[in-house]
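Just so you know, the sequences run in chain order W and E. The working numbering puts the first residue of the first sequence at 20, with every later residue one more than the last. The working numbering puts the first residue of the second sequence at 278, with every later residue one more than the last.
Rather than coming from a laboratory, the hints here were simulated on the basis of the structure. Heads up, some of the hints might be wrong.
In the DSBU-like style, the derived pairs of lysine-lysine whose C-alpha atoms are separated by at most 30 Å in a straight line are [stated by the list, open to error]:
{"id": "1", "chain 1": "W", "residue 1": "K42", "chain 2": "E", "residue 2": "K343"}
{"id": "2", "chain 1": "W", "residue 1": "K42", "chain 2": "E", "residue 2": "K353"}
{"id": "3", "chain 1": "E", "residue 1": "K466", "chain 2": "E", "residue 2": "K397"}
{"id": "4", "chain 1": "E", "residue 1": "K433", "chain 2": "W", "residue 2": "K127"}
{"id": "5", "chain 1": "E", "residue 1": "K397", "chain 2": "E", "residue 2": "K299"}
{"id": "6", "chain 1": "W", "residue 1": "K45", "chain 2": "E", "residue 2": "K397"}
{"id": "7", "chain 1": "W", "residue 1": "K163", "chain 2": "E", "residue 2": "K462"}
{"id": "8", "chain 1": "W", "residue 1": "K43", "chain 2": "E", "residue 2": "K343"}
{"id": "9", "chain 1": "E", "residue 1": "K346", "chain 2": "W", "residue 2": "K43"}
{"id": "10", "chain 1": "W", "residue 1": "K45", "chain 2": "E", "residue 2": "K346"}
{"id": "11", "chain 1": "E", "residue 1": "K397", "chain 2": "E", "residue 2": "K462"}
{"id": "12", "chain 1": "E", "residue 1": "K346", "chain 2": "E", "residue 2": "K466"}
{"id": "13", "chain 1": "E", "residue 1": "K353", "chain 2": "E", "residue 2": "K466"}
{"id": "14", "chain 1": "E", "residue 1": "K397", "chain 2": "W", "residue 2": "K163"}
{"id": "15", "chain 1": "E", "residue 1": "K397", "chain 2": "E", "residue 2": "K346"}
{"id": "16", "chain 1": "W", "residue 1": "K163", "chain 2": "E", "residue 2": "K402"}
{"id": "17", "chain 1": "E", "residue 1": "K433", "chain 2": "E", "residue 2": "K353"}
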Amino acid sequence: MDKIGFYAVPLIILIIILSGFFKKIKIFDVFLSGAAQGLNSTFSLAPPLIGLIVAVSMLKSSGALDILCQSISPLTQIIGVPKEIIPLCLLRPVSGSGSLAIVDNILKNYGADSFLGKLASIISGSTETTFYTITVYFGAVGIKNSRHTLPSALIADTVAIMASIIALNHFFQIV
Amino acid sequence: MMNYIWGSFLIISIICGFITGKSQEISNAVLTGASDAITLIISISGMMALWTGLMKIAEESGLTSKIAKLFSPLIKLLFPDLPSNSTATRAICMNITANLLGLGNAATPLGINAMREMQKLNPDKSCATNSMVMFVVINTASLQLLPTLLCTIRQKHGSQNPLDILPCLWIASALALTCGVFIAKFLGKVTRKKHG
Numbered sequence: 020m021d022k023i024g025f026y027a028v029p030l031i032i033l034i035i036i037l038s039g040f041f042k043k044i045k046i047f048d049v050f051l052s053g054a055a056q057g058l059n060s061t062f063s064l065a066p067p068l069i070g071l072i073v074a075v076s077m078l079k080s081s082g083a084l085d086i087l088c089q090s091i092s093p094l095t096q097i098i099g100v101p102k103e104i105i106p107l108c109l110l111r112p113v114s115g116s117g118s119l120a121i122v123d124n125i126l127k128n129y130g131a132d133s134f135l136g137k138l139a140s141i142i143s144g145s146t147e148t149t150f151y152t153i154t155v156y157f158g159a160v161g162i163k164n165s166r167h168t169l170p171s172a173l174i175a176d177t178v179a180i181m182a183s184i185i186a187l188n189h190f191f192q193i194v
Numbered sequence: 278m279m280n281y282i283w284g285s286f287l288i289i290s291i292i293c294g295f296i297t298g299k300s301q302e303i304s305n306a307v308l309t310g311a312s313d314a315i316t317l318i319i320s321i322s323g324m325m326a327l328w329t330g331l332m333k334i335a336e337e338s339g340l341t342s343k344i345a346k347l348f349s350p351l352i353k354l355l356f357p358d359l360p361s362n363s364t365a366t367r368a369i370c371m372n373i374t375a376n377l378l379g380l381g382n383a384a385t386p387l388g389i390n391a392m393r394e395m396q397k398l399n400p401d402k403s404c405a406t407n408s409m410v411m412f413v414v415i416n417t418a419s420l421q422l423l424p425t426l427l428c429t430i431r432q433k434h435g436s437q438n439p440l441d442i443l444p445c446l447w448i449a450s451a452l453a454l455t456c457g458v459f460i461a462k463f464l465g466k467v468t469r470k471k472h473g
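So that you can see chain W by itself, here it is in the shape it has in the complex:
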């Protein structure tokens, strides 16, 4: 796994540089103008990120997240979501770093190859930071009305969580 990751990045860079050479482009000049654009767009992400990270850490530190997890656990047990996974499901659409911290915690406490460890990994790998993505993409172009984006994306996230549980259950039975 690591090896594929190690090879993929240099290989992609090599292909890009070679294709630039092949077309006789001033690759360094082009690189500089692109990198400058990249820096600008990164710093335009700062305001939404500040707002969201503060909100999530407030929610976590106030204990509201724990209360929420406990209060909806009877409901989520019907669907079959283990209660250890609920904070991950709730935080995943909002914060990438927050949910990564939860996955790290679950893997540490229950083991990477346990059912919960695998489930946490699959859920975090098959979903995205939905709210962050929506905020950043629509924010960047000044769209106020995102219409049906949020409901569609959240339904997709729910499907990903359910599918993770079902797929892992089947996999566990086969193996």
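Following the hints, put chain E in place on chain W, whose structure we already have.
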């Protein structure tokens, strides 16, 4: 919608903090949260600049349009209102390619670029078009074929085979993406009357 969600996050935490007596923790969270965000921005900005620079070379050398051609039948199906082989569709293709390869940091600026191109074609600048919604929904589903970060963490915690979750992960991702695309298409048609 984000306005209500964000606002309720803050209000709920503050009220909850008063009740549970954790106001001290909350004020700490406010202080560290804001600087955490800036730390994150600074730590990703180098990678972002590097990848947008490289991708700019890919774009000018025609590599982007070659990859775009590979995806164009699919793109036509998903984004029927965009002119084929326009700057917008090419930006979308590059974003999807970057997502698949796990270049998350490169995917975001490319995605923003695609949004800007779609905004140019948008008659109502404050309201999202069906193509924009579809594009963002695709980006909120995880397309990554090889989640390197996740596998590294699994390895760190002593997994015998960190990659063994991949089949399940791909199934879950694919199902979620398909569902998201169909729902976005359906809701796009339903709400078209109101928003044009």
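Going down the list of hints, with the structure as the test:
no.: 1; hint: K42/W / K343/E; verdict: holds, 14 Å
no.: 2; hint: K42/W / K353/E; verdict: holds, 28 Å
no.: 3; hint: K466/E / K397/E; verdict: holds, 22 Å
no.: 4; hint: K433/E / K127/W; verdict: holds, 9 Å
no.: 5; hint: K397/E / K299/E; verdict: violated, 47 Å
no.: 6; hint: K45/W / K397/E; verdict: holds, 29 Å
no.: 7; hint: K163/W / K462/E; verdict: holds, 20 Å
no.: 8; hint: K43/W / K343/E; verdict: holds, 17 Å
no.: 9; hint: K346/E / K43/W; verdict: holds, 22 Å
no.: 10; hint: K45/W / K346/E; verdict: holds, 25 Å
no.: 11; hint: K397/E / K462/E; verdict: holds, 22 Å
no.: 12; hint: K346/E / K466/E; verdict: holds, 27 Å
no.: 13; hint: K353/E / K466/E; verdict: holds, 17 Å
no.: 14; hint: K397/E / K163/W; verdict: holds, 16 Å
no.: 15; hint: K397/E / K346/E; verdict: holds, 22 Å
no.: 16; hint: K163/W / K402/E; verdict: holds, 9 Å
no.: 17; hint: K433/E / K353/E; verdict: violated, 42 Å
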